[in-house]
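With chain A's structure known, arrange chain B on it following the hints.
Going line by line, the protein sequences match chains A and B. Sequential numbering of the first sequence, starting at 689, is according to the numbering used here. Sequential numbering of the second sequence, starting at -19, is according to the numbering used here.
Calculated directly from the structure, the hints in this document are not laboratory data. Every residue gets a Cβ at the ideal spot worked out from N, C-alpha and C, and that includes glycine. Check each hint, because a few of them may be wrong.
To be verified - Cβ-Cβ distance ranges computed for the label pairs, FRET-style:
# : chain 1 : residue 1 : chain 2 : residue 2 : range
1 : B       : S138      : A       : P840      : 27 to 33 angstroms
2 : A       : S811      : B       : Y291      : 33 to 39 angstroms
3 : A       : E792      : B       : S86       : 25 to 31 angstroms
4 : A       : A921      : B       : L147      : 29 to 35 angstroms
5 : A       : A738      : B       : D293      : 19 to 25 angstroms
6 : B       : V301      : A       : P840      : 54 to 60 angstroms
7 : B       : V127      : A       : R945      : 20 to 26 angstroms
8 : B       : N205      : A       : D939      : 55 to 61 angstroms
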Amino acid sequence: MAGGLLLGAAGCGGGQSDSGGAGSGKVKIGLVTKTETNPYFVTLREAASAAAKENGAKLIALAGRFDGDNEGQVAAMESLISAGVKGILITPSNGTGLLSTIAEARRRGIVVIALDSTTEPPSATDATYATDNVKAGRLQGAYLRAALAGRPPKVIMLDGTDDSTVSEQRHEGFLKGFGIANDSPAIRGQANTNGERNPAQAATENLLERTSDINTVYTINEPVAGGASAAMAARGLTQKVTIGSIDGGCDGVRDVRSGKYAATVMQFPVRMATRGVDSVVEYARSGKKPHRLSDTGTVLITDKPVDGLASQNTDWGLKHCWG
Amino acid sequence: MRTPATGRAVGNERHARLRERLRYALRTPAVGPLAALFIAVVVFSITTDTFLTSQNLSLVLQQSIVIGTLALGQSLIILTGGIDLSNGAIAVLGTIVMAKLAFEGSNPGVALLLGLAVATFLGLVNGLLVARLGLPPFIVTLGALTVIFAVSRLYADSRSYQVTSDLLLFWGYGIQLGAVRLTWGTFMLIGLYALFWYVLANTAWGPHVYAVGDAPESARLTGINVGSTVLSVYVTAGFLYGIAAWQALGRIANADPNAYQTANLESITAVVLGGTSLFGGRGSIIGTLIGALIVNVLRSGLTQAGIDSLYQDVATGTLVVVAVGVDQILRRSGSR
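Chain A with its partners taken away, still in its complex shape (with noise of 0.2 angstroms):
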């Protein structure tokens, strides 16, 4: 019964590369990402699928089983290098975490571009295409200073964990932009949400329970943003507390139409697929190396501008949302 299934499979995975493997010499891509189901990554994945399939070139998607799964990512590098691959996109669980691996490959010739988060230290790759996470937060930050319009901020702040690095960028950016120190009294109340709807909901139900006179809160991600604006709106708080965000998937976008949350900061992960993809395929034709650090870019999203941050409107956010 176990030989059937994985004739099966492997029967379907050799046609496959018949039609795309080594024998017709097509170049190889891997992709590594943190996980599966975060659609932020599922975006980046069909990116990359799409854009390797217009250049002729197979990609193969793995990831992490989780967020900080080091040993996933790792066996799926080596898994790559076996592979044969001209180069690999990752998004690393850790910036530490995989640097031996990362240079293994590098040894062999294989371009290793980080997408989405960088290593430490960033040099380890050849190239890192991502958000500018710490502009991210600042921009946030900016917006809800601006539509605090002068009242003193109470604020709470939803971060995902505790020693991820995009975390850590985005809530420095946002103390930044919103002009407070991390041991502000203006900051009421601060959480990890691991970055997902149900834990940000009950942290923010558990933080109202302290206190609910806030005006501001801060969320990492969309999900977050949904969590804390479902919770808000038991409460009632819905009208006094203004929201931000950073993401721009299509819900996201959606959610700061209907008014759950005021702004999110739209990140392009089609284009960090797409780029790491082409130079991949650069690479294998002419053997030209990406060249180090690439901001993506970042767009504030929302249907009540301030004056002095530029934004785009929901309908602007609708046509180049991801997800």
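Using the frame of chain A, we list chain B on its own:
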């Protein structure tokens, strides 16, 4: 056991004997997994030109080291009729203790011993709760999983620690044979399985472990100290998780409190694929090693064949259900 075939036609008898032999082969726990592993290797060797290279095979072995060692401890516990959901968490705490102490300037040897001691101690705590208080292993280790995961993050200050000590990285080093690198961790994995295979087969402890899992009441009646046997298994498993922590540092020179969150289920997968019964008392250690290898052979082979990881999960998950299904059918036919 023998099929009563007297008085029937000779052809029938031969047929029955054949069926009996087949059934015996299937019931010998490691035969099915070994066949599945063999088929997988053959299929991937034919359908891809990158799977069957000595370098890739050595990678598959390296990828099996940590889960393989966790699954060894898991096997012993499952043989007693228990289950351990906390093994990955224990190993992660072990890596954090070793890496953080070394990072803060402690002697790496001391850090290593303390890490091993913490893991063994947590095995002891689980064992005492199961064997002495009689609490269900599922509940005990579910609670332990939650507590230890949180303690790891608290102790780690929610950050990861890079490891530079040669002693802590030892299992990641190895010998270079031409293009192939064999790490000491690979030899350690095989050595551990050989050791426990020998111990289970050739010491009094082995049959006791099987007996308390198969029928604890009868085991007690034959004079086996059931509580002490179960306790010894959890302590041994805890120590093995400590070894797994050490091996994990050799594999990735970084201790991260977020790592190995699904290692508990992966180790159970390896045990089940290896033909060990989740009901206890039946199974083989070697089967577990083969089970761990099957998972990684599938992952590697499907990647070489250009298949995305979601489909790889479909294949692995299906295989687990098939393995348990076969186990159930054999149990039923065996008890008839």
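Here is what the structure says about each hint:
Restraint check, S138(B) to P840(A): a C-beta distance of roughly 31 angstroms satisfies the suggested window 27 to 33 angstroms. For S811(A) and Y291(B), the Cβ-Cβ distance of about 35 angstroms falls inside the hinted range of 33 to 39 angstroms, so the restraint holds. For the pair E792(A) and S86(B), the beta carbons lie near 30 angstroms from each other, so the given range of 25 to 31 angstroms is met. Separation of A921(A) from L147(B) is about 55 angstroms and departs from the stated range, judged on CB atoms against 29 to 35 angstroms.
Here the CB-CB span from A738(A) to D293(B) is close to 23 angstroms, well matched to the stated 19 to 25 angstroms. For V301(B) and P840(A), the hinted distance range of 54 to 60 angstroms is satisfied, since their beta carbons lie about 59 angstroms from each other. Distance hint for V127(B) and R945(A): a CB-CB separation of about 44 angstroms, inconsistent with the stated range 20 to 26 angstroms. Restraint check, N205(B) to D939(A): a C-beta distance of roughly 59 angstroms satisfies the suggested window 55 to 61 angstroms.
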